[in-house]
Amino acid sequence: QQKTISNSKILCSGFWGTSRHINYMGEITQSIALALPGWLVSGSLIPWLYPAYYIALFIPRQIDDDAICLEKYGKPWEEYMELVPYRIVPYIW
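In this note's numbering, the protein residues as written are 1 to 93.
Treat the hints as calculated values from the structure; they're not laboratory data.
Check the hints yourself; a few may be wrong.
Stated by the list, open to error - Ranges between beta-carbon positions, derived for each pair: (1) Ile-68 with Ser-42: 17 to 25 Å; (2) Pro-60 with Tyr-91: 20 to 28 Å; (3) Leu-45 with Gly-74: 26 to 34 Å; (4) Leu-34 with Ile-59: 17 to 25 Å; (5) Leu-83 with Pro-37: 23 to 31 Å; (6) Ser-6 with Trp-48: 38 to 46 Å; (7) Leu-36 with Tyr-91: 36 to 44 Å; (8) Leu-45 with Gln-1: 40 to 48 Å; (9) Ser-42 with Tyr-91: 42 to 50 Å; (10) Lys-9 with Val-89: 22 to 30 Å; (11) Ser-8 with Ser-42: 21 to 29 Å.
Claimed, not checked - Cross-link-like lysine-lysine pairs, in silico, PhoX-like; alpha carbons within 20 Å at most: (12) Lys-3 with Lys-75; (13) Lys-9 with Lys-72; (14) Lys-75 with Lys-9.
Bear in mind that the values here come from a model prediction, so they are computed numbers and not experimental data.
Where a beta carbon is used, it is the ideal one built from N, C-alpha and C, also for glycine.
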């Protein structure tokens, strides 16, 4: 059953009920999965630049996204932030 914040279209169930930007976690996980074989084969740290890039991109972007959504949705977004406290990584951050 899909749940939304009352009087809004903000989805607060499923994946979006675990983290406000869960899609960023998927991108970071994928970049780690692609970097890992290169590191295991070569021993070089260069493949880890790919996930490091995504982390450096998504952390400030998440902060900007939250500010934009707060301005756009107002009180419902505040309610969503209380209901879903985790930003990218569920149960951690």
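Violated hints, by number in ascending order, as checked against the structure: 1, 3, 5, 7, 9 and 11
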